[in-house]
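Protein chains in written order, with my numbering: chain U, 32 to 364; chain Z, 10 to 346; chain L, 477 to 791.
Everything labelled a hint here was simulated from the structure, so no lab data went into it. Check each hint, because a few of them may be wrong.
Calculated lysine to any residue pairs in the SDA-like style (CA-CA distance at most 25 Å, straight line) [said to hold, decoys possible]:
#: 1; chain 1: U; residue 1: K169; chain 2: Z; residue 2: Q41
#: 2; chain 1: Z; residue 1: K149; chain 2: U; residue 2: R258
#: 3; chain 1: L; residue 1: K678; chain 2: L; residue 2: L537
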Amino acid sequence: MDFLTFLSRRLVRLALCLVAVSIITFTLLQSAPGNFADIQRVTSGASSIGGTGTEQMLAESLSRYGDDVPAWQQYLTFMQGVATWDMGPSYRYAGRAVEDIIGSAFPISATLALLAVTLALLIAVPAGVFAALRQNSKADHSTMFLVTLGNALPSYLVAAFLIVIFSASLGWLPSSGWSRPEHLILPVLALSLGPAAVLARYVRSSMLETLREEYVTAAMAKGGPYRTVIVRHALRNSLIPLVTVVGPLLAALMTGTVFVEALFRIPGLGYYAATAAASRDMPLLMGTVLFFALIIMVVNLAVDLTYGFIDPRIRAEGGWGRSQLRKTSTQPA
Amino acid sequence: MTLTQRAEPHDPPESDALLSVRELHTEFLREQAEPLRVVDGVSFDVERGKALAIVGESGSGKSVTVRSVLRLLPRTARTPSGEAWFHGRDLLSLSQREMRRIRGRNIGMVFQNAAEAMNPTLTLERQLTEHLLWHGICGKSEARERAVRALGDVGIPEPERRIRVYPFQLSGGMRQRAMIAMAMVTEPALLIADEPTTAVDVTVQRQILDLLVGLKDRGTGVIMITHDLGVARYFCDQAVVMYAGRVVEQAPTSELLDTPRHPYTKGLLGSSVEVGGQERPLLPIPGSPPDLAHRPAGCAFHPRCAQAESPRCQEEQELISIGDERAAACWKAETGR
Amino acid sequence: MGTIAATEDVDTTGVTPAERPVSGTGQHEAPPRARGPWARAWDRFKRNRLALISLIFCALLVLVAAAAPLIAPYHFGATDYANQLVGVGSEGHVLGTDQLGRDILSRTIYGLRTALIVAFGAELLALLAALVIGLTAGYRGGRVEQGLMAFTDVMYAFPSYLFAIVMVAVLGRSIIALIIAIGIAGWVTQARLVRAQVLTIKQREYVEAGRAMGASGPTIAIRYILPNAIGPLLVTTSFAIPAAIAAEAGLGLLGLGVQPPTPSWGAMISEGTRFLLAAPHMLLAPAAVFALSLLAFTWVGDGVRDAFDPRGEQR
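Isolated chain U (complex conformation) (with noise of 0.2 Å):
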């Protein structure tokens, strides 16, 4: 397959993807007692705003869905806006357009996922490398030891441990906020060791694999200085099948950010998401699923083609599409 139909292949498959996510979402938040107005008559009562701002509001959003029309014009007026990026009012939060409220979330969250990815990269490669060449060794085997823990517990839960000895007895560090530098290194820590346990695992058995390829005995043959060796030919391609792993990581990474946007109060697209659900705020979370359910597409999408392109064997041969097969393959149950 050539690179052209594989991107529009992709593309497209991404684009029904995301109408049937939609429309998934709408059935669900739709098949509620009462519609999106009525849901958050009812229940904005107990939620902090209420008063007046409450009901115009409201009759906005009725203005603007209509009371009486069929669920399935409803949908469609909330798609239109979604594409032209114009979604109406939050209810939770009161004067905030959707839109808005993503646009100032989502770059704090990518913020996060994207240094906890890297961190967690430069903890994971060093580590994967170092237990492999020292396979069964006791640093192995605690390298090991650390990436089970690090695998087994959430994000939230390394946070909640992380906030207990970084803010509550050392007093380092803040344990809630989003103002200064100082308030991204917890979450961002705790983000990062679940990915890296993950990603030390797999640099490990990949490089593992890798070291037992006859051209690695070549090269050694050839006189190659084993550091040399070990770059060049084992950790690199070693790390060509990491590139797959790193999408469905970054993809559970997004997640992460819920909960520990949730428990630090990073106004953040997860935060956002999770109030909008305990305060049914419907427009709100249609808005961030549908953004969350994008962005997971869309960086599936660019790993794989950044596989692509970094494997001369796709690259040369057109190979596109090959990708996938492996990542079905390598896919964290």
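Chains Z and L: place on chain U using the hints.
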């Protein structure tokens, strides 16, 4: 060339052989068990411009023998003991650092399957020139010229263009030749070829062998591991037959194949298709090579040997010289039956 | 092949020391008595000490959760306004109290109960859905299969956590809602696994034989295919349990868990961050039990996987 001769430690043997291996032992460490002796007292010589065949079934220790000489063993292996004299130095007593300067520069290695032995993500240029640079043989631009010339020498058309491609973009035969070019670009004095023709089809096999003959004629010594006796006959001057980590027979190739003395060699000939050319029934050797962890007492071959009826077969068999150039590890070999 | 059998025998690459005796010489010398696959899996599981200890710990957790009303010193909602935010080791409150004077130990125990009910309930639901849909898709193919594959594609882009969040927003905050939300978010992978199993097993001779003897579709599915699919299914389920525990706590953390005052570890951790300096035990006690439970269930999962797939990759 006498096989029973043992030189004093770290004193080069008197023979003018290119490589003299004496009493090579290689052991692998195991969890909760005695180390496994995979190569057990192997000795042989390789002359300049001559080829030595190492023949035997899978698991007989052929590959481990040559990898011991090159000191390219897995981490579970102990440093091999014995001697391997090459250019006046005992390779087995060198440090890995000193060894590295010899590997690839003075001793080249060709592998069974170029698809596995060449890095799929590096271009030919990178793989054919990197060791020239590692060993400081020449600079980058000359390395490229040499690589192009080496590709041309092994019969790859348009080497200027081909040097920029990746191994997977070449056909199987072309790739195998590129690998030989990779080993030859540094003009090593000794070439070790580990079943270089097993993975290719017959026409390519012939081309590869002719290529190696050309090298031999220019004075390169070659060790060829093979289980194909036809290849050994065509290309090799001397042959060593290995069984269960030991040399069981050693002779000039034509003599070995015409008048095998050891029952195992006879068995190999009987189970081989091409040798001799005449039609005769294939007689595979019954049984399978021994598990080295449970080596049969005495002659390791006797459980499979059709002629093992005497209690003497239960005893260890030393290599017995037969004439000047031959030896076999069977008490019956002397009588020639 | 140019590889030498002898080197493969001794090369320890890819084989951990623990596995050596299994794959080593013992097999040849003393063939074990004829035993079923379950007994052999159990034998392998027992040999993994970490998994065995974890299994005992998990059994203990289940007991404690079941007997929570008997074991917990207080009801989870019982307030003690005289003792608000007291620390660990206080009179009458071993693990201290929260801002309303509620006993942390009792709430942690009831939190365990919530977590396990939701996790086991959700996995049971997911398993049932996966079996029905996976068996149908694998056995009958056609529409069900196409639908399943298409749905899997969509769910791959729709992170299960987000899906669970939407479900809770729709269904409200109750145990049943959580079970449904987490269960539905988790059945897809399992259904695909069942389907894959069915597709491979379907070709085997004994299934062909059964069909030849006139067994009906459902009979074949239940009698022949199901028993063979159970091993791999057990492996994924044992990994899904800790994931479901984490999901319950995660939703609780977001304020989407069970309705207060019923305790959820996630909600307790979230509340704990608000009283971090005054009462770190509010966060630490549930977090520690939570972490231990997750590790124990994960290690049981590791043990189950190794027991059913001893040659499987050490991942």
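Exercise. Is L/K678 close enough to L/L537, meaning Cα to Cα at most 25 Å?
Worked result: Between L/K678 and L/L537 the Cα gap is close to 39 Å, so the pair fails against 25 Å, i.e. violated.
Exercise. Is U/K169 close enough to Z/Q41, meaning Cα to Cα at most 25 Å?
Worked result: holds (17 Å)
Exercise. If you draw a straight line from the CA of Z/K149 to the CA of U/R258, is it 25 Å or shorter?
Worked result: Roughly 20 Å separates the two Cα atoms, so the pair holds.
Of the numbered hints listed earlier, the single one contradicted by the structure is hint 3.
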